[in-house]
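Spelled out, the chains give:
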Amino acid sequence: MKRARGFVAAAIALAAAAVSAPAYYHYVHFAEDGSRVVEKFDLAALPDQRVLFFVSSQQMPLLAVNDSFDGVLSQIRQALSVWDAVPTSELRVGFGGVVDGALPGSAPAGQIIFAELPPGVIGMGGPVSTFDSGRGFRSIVRSQVVLAAIIWSTAAAAHQLLRTVLLDARARNRARFDQHTLASSAMSTDVTRSTTRSQPLGADDLAGLSALYPTDAFHQRTGVIEGRVVFSDSSPVALASVTAIHPGGASLPR
Amino acid sequence: MLVVAAMSAATLEQLSLEALARESTAIVQGRVTGERTVQAGPLLYTVKTIAVDRRWKGADETTVEVSLPGGSAGGQRQVFGGAPLLEPGRDYILFLWTGPSGRTQITGFSQGVCELEAASDGAERVVRRPSSDVVLAPGGAQAAGDGSLDLAFGEFSSRVEAALAGAGKQ
Chain E
56 MKRARGFVAA AIALAAAAVS APAYYHYVHF AEDGSRVVEK FDLAALPDQR
106 VLFFVSSQQM PLLAVNDSFD GVLSQIRQAL SVWDAVPTSE LRVGFGGVVD
156 GALPGSAPAG QIIFAELPPG VIGMGGPVST FDSGRGFRSI VRSQVVLAAI
206 IWSTAAAAHQ LLRTVLLDAR ARNRARFDQH TLASSAMSTD VTRSTTRSQP
256 LGADDLAGLS ALYPTDAFHQ RTGVIEGRVV FSDSSPVALA SVTAIHPGGA
306 SLPR
Chain C
85 MLVVAAMSAA TLEQLSLEAL ARESTAIVQG RVTGERTVQA GPLLYTVKTI
135 AVDRRWKGAD ETTVEVSLPG GSAGGQRQVF GGAPLLEPGR DYILFLWTGP
185 SGRTQITGFS QGVCELEAAS DGAERVVRRP SSDVVLAPGG AQAAGDGSLD
235 LAFGEFSSRV EAALAGAGKQ
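Chains as they are written, first to last, in our numbering: chain E, 56 to 309; chain C, 85 to 254.
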């Protein structure tokens, strides 16, 4: 507990630094021919195009004083309702409940797990995907966030959990340190992402989700720039930062 | 065949070399000789068998099994970005931690994995690769640096032994 408590201050400082890292990454693979293959939920495999998120109770978290498991679940529910309402995304999300064992049903789902992690590790996350969906993308069958059994929480952390499992790698990093701010109401990812409590999702949240699961309206109003950054020998540049320049000379927000 | 794009995902607490030594339940030098996948509840682990050549801390055993998060089973693959990868045949120094469950994992993930390399003069060096994980300093901001380490083997060993001796006196 003592070690985890020290992270509250750390998270505040780090979150401020995260403002300058607005880019989004989806879970991406590159085939040998260089083509891009994303990992995402297969909408056709989801009842009502809705992915349900379950919290595993196989190992209960050790929470901060004055925090409760019900309180954490409430924040997750509220966050899900916000992500469920993105108008330009076909993907719907919902709270599945607390499960003590295997996830119910066979539909793709999200899973939040508290587990034994070694010293020096706060959390990790990632998708479970099939090797080949046959549809031009890899189907995520389960998205998992594994948190150290000691957790601190805030309302913003619930949104970060969802960014983690719905979207990208870099957002996962933020999720991990933001979970340690749960005890600090003074700090939230709302601050780091220029969002507010009344409007908890930023433009990149909306675009990131909508680019994967676009509605017709999103296609009609939005353009997407896509490509690979390579060295002169065609080998890939990892995690390159790319800025689009408007014909007028101003850089476009990423 | 698909190639996985490099991703960083784990968020870590910064541990100094001395803290790594103290927090670990075993510190060994060895090579990967085998692997298997096991399932523990909803999680897959790739269990690597390490043939131990040298030991600074822990039980006197010739092999140790180390669980790395993620793996492949039943036509599915579970990936945790930032989880350590250990390649067969390479000589590692590993800081290990066995928890109450009995599972042995790498302390501090990328922080607890060092490699042995020969310098131009033939001397052995202990090297830790740079990491893009988010690493938090013990009581402050994001940790400075990229987590890399490059020490002469003798200096590494002396610091580890000193840390263990200091911990024993406490």
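For the record, the hints were derived by calculation from the structure and aren't laboratory data. Do not rely on the hints blindly, as some may be mistaken.
Label-pair restraints from in silico Cβ distances [said to hold, decoys possible]:
| hint | chain 1 | residue 1 | chain 2 | residue 2 | range |
| --- | --- | --- | --- | --- | --- |
| 1 | C | E201 | E | R283 | 23 to 33 Å |
| 2 | E | T277 | C | A124 | 34 to 44 Å |
| 3 | C | S232 | E | P291 | 45 to 55 Å |
Ideal Cβ placement from N, Cα and C applies to all residues, glycine included.
Verification of the supplied hints:
1. E201(C) with R283(E): 23 to 33 Å: About 32 Å separates the Cβ atoms of E201(C) and R283(E), which means 23 to 33 Å holds.
2. T277(E) with A124(C): 34 to 44 Å: Between T277(E) and A124(C), where Cβ atoms are some 42 Å apart, the hint holds.
3. S232(C) with P291(E): 45 to 55 Å: violated (22 Å)
Of the numbered hints given earlier, the model fails hint 3 alone.
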